[in-house]
Amino acid sequence: MKRIVYREWLVEPQRYWGLLAMLAGVIAVGGLSALYMEHEGHWVTGMTNSVVWGTPHVFAVFLIIAASGALNVASIGTVFDKTAYKPLARLSGLLAVALLVGGLLVLVLDLGRPDRLLVAMTTYNFSSIFAWNIFLYSGFAAIVIGYLWTMAERKGNHLQKPVGTFAFLWRLALTTGTGSIFGFLVGREAYDTAILAPLFVVMSFAYGLAIYMLVLFYAFDADGRPIGPAMLKRLKNLLGLFVAAVLYFTLVYHLTKLYGAKNSDIEAFLLINGGLYTALFWVGWVLIGGLIPLGIIYHPELNKQRDWIATASALVVAGGLAAMYVIIIGSQAYPQEMFPGHSVIQFGAPGDVGGRVAPYSPSFPELLLGLGGVGVALLITAVGIRVLQFLPESLADRDVDPHASARHA
Amino acid sequence: MAEVLSKGVLLAFLSVALGLSAMAKAEGVGDFVQPSSKAASVENCVEPTEYMRRNHFELIRHQRDETVYGGIRGAKHSLSGCVSCHVGYDSQGTPLEIDAEGQFCSSCHDYAAVEMNCFDCHATVPKGEAWNHEVAAVHAHPTGAAPLAATSAER
Amino acid sequence: MKNESEPTNQGRRDFLGAAAGLTAAAVAPGMMLHTVDSEAAAPTGGVSDAHRWGLLVDTSKCADGCTACVDACDQENGLNLQSQPLGDDELKWQNQRATWIRKVKLQDNLTGQVTNLPLMCQHCEHPPCVDVCPTGASFKRADGIVMVDRHTCIGCRYCMMACPYKARSFIHEQVDQKLTRAPRGKGCVESCNLCAHRLDTGDISTACADACSAEGHQALVFGDLKDPTGPLRQALAKKPNRQIRQDLGLNTGVRYAGI
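Going line by line, the protein sequences match chains V, S and E.
Residues 2 to 410 (my numbering) make up the first sequence, in order.
Residues 76 to 230 (my numbering) make up the second sequence, in order.
Residues 763 to 1021 (my numbering) make up the third sequence, in order.
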């Protein structure tokens, strides 16, 4: 097998700096939005005492689970010894850290008192999944950086397998933890099920890989590095598998809920009469994020064209954001059922919400803060691949896996 | 050589001048107690003044946890005690916000450039604190109530 | 330059220290009578697990259209001092302002029977909000009152996600007016604390129960769940009652009769 050569990203300076300037602009606007929300208070957002987590959380949770998913490519190479994935591993690690940083930044900047971050770092309540997640997140970043070191440094190469395996187990714990943030909430009908944890794990596989493929295609296109058809096929097949798994777990999630009669109302809300949330579920989560990408991936002609595969990846990302919106916001908008067999005809003052669907419309600052997090993740990635040797010189089939090309020939 | 000498002289002058100005400032530092506040009529704070200058926050923070978790209110080191004693009044007898510019807390904190978070949430003038004092005595159940010191609380 | 001024500074400190000491010594005999501490209220006894505070709501006595408990709570805990930020939508503001207690009107889906009740923090024995709080700011006092230590609250709102009773409020705006007994500030979460400031001063009452009695409804009985001879246990023994979302097994401190 040929030795894999890694090179810094050799895109023209104008394009590189132009990209950086654009991302910096997105980040600056996101930062200003956070500052504005912080200064005014959360009343300027769409969030209320009914919908307490809004658009920033949609982006933050999406980025965080995508982060652990992005590491999968590296894990497949290291943990499962698939040689063909080895050249992809470095970018996978970098993207994982970058997405995590972006997501956490959004999460932190949406706190009521972000100035007390130190309190969150020093005072722990170990019965809280959230507190565990603080460790899972910071630990993930540290482990992945160590993992990257074992890939890049010859002296560390022999540690690659154990560290990679540990990172893989850790990322499973991380996504399970993120899913459990929602899964263990007994007071809300849409949550309160352990299946959210594995659902989040497969979602992370799909969204992380989709983002990984988009970044990979863009970066390779920009400085003219080749990606072989076998590699393309491998990646799109993997994406297809993950997207199908998301759909399967989505089905099981709803079946679990549908089976219990007490949950029929929340199911009707999410699946039939929930307005925007129902639309986002069917059109966003299932169609755009699931069926259409699957159609492209398994289409005999389209699935050989990189642009179509990139389109499928982009659709998976869009569908993922829709899924997060339904899971996070839709589930909060649905009223908490406190009085079974009764209708709530009045709940506090007129605008106070109980017993009916809570209104929520995302405000611009929230949206911009979320996009700022995406900008941070992409900026870290862009700078990383530019200054360090993250990208393999070629993903042409003969360079990656000579046996594979021999078979095809 | 001469240059060095003149620089030395200049330096000496400067240091003397600075020292003097520091002394002048030092005298000003003690004057943050508002003449219109109750504190001005009291010989001493709850602890010796010099101790309070350096350690008041330790005391307040300790009492803070006692109050929040232990329900111990109206104690010697409580923040509401600080406010009710140190708050200044205008000529009409209206209390002035203690964290307003030139008032007790902020004038020293501005001077020392130390950030102060207490009044993000806590009342800056004594307001409705009467529960801990007079009203509580009236409301308290005749049996089992702790003996309460009748005081002249604001409002 | 710094070296030059340092001794001066130290000298100043020593001087002030000595002066303070001298002053203290000079006035020492009179000081005992004249310190602040003799003027402040006596410190209160502190919380103990000998009590567990709770409420019984008799929904049959809760009057339609009466908001006495809500108004009293607003007064007592400074909730009426919140002001709607300029430019915020009126209905949205009602959903953003802090509310510790609210009147809820229910209709039985089968019989059409209407029930009124006040809903507030249920002061669970096993509070989900305490379980989920990452910093431990959400906590349960020894006497069973569930509240927020707003000195360590980071405003993540996870407790609001976890609460089955929608009891908690996030402070969405800058708060200018606040009471000494009820601190409140932007970016933290808060909820009913059973008028802890009253209990801590030995006054066994809450504003809502007092107001309900003053209206003559007697729908709210406040008392000690651990005192078998106290008014609350007596009232609980007389009326069949239950917890809201009893299925969750949270063992709430607030019980309801007639639902």
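FYI, nobody ran anything at the bench for these hints, they're computed from the structure.
Please note that a few of the clues may not be correct.
Stated by the list, open to error - Anything over 12 angstroms on all C-beta distances counts as not near chain E; from chain V, calculated: (1) V45; (2) R114; (3) G140; (4) F167; (5) D193; (6) A198; (7) I228; (8) E338; (9) G342; (10) A350.
As the list claims (entries may be wrong) - With a cut-off of at most 20 angstroms between alpha-carbon atoms, the simulated DMTMM-like pairs for lysine to aspartate or glutamate come out as follows: (11) E:K854 - V:E154; (12) E:K902 - S:D140; (13) V:K263 - V:E154.
We put the beta carbon where it would ideally sit given N, CA and C, even for glycine.
Which hints from the list above does the structure break, by number from lowest to highest? Of the numbered hints, 1, 2, 5, 8, 9, 10, 11, 13 do not hold.
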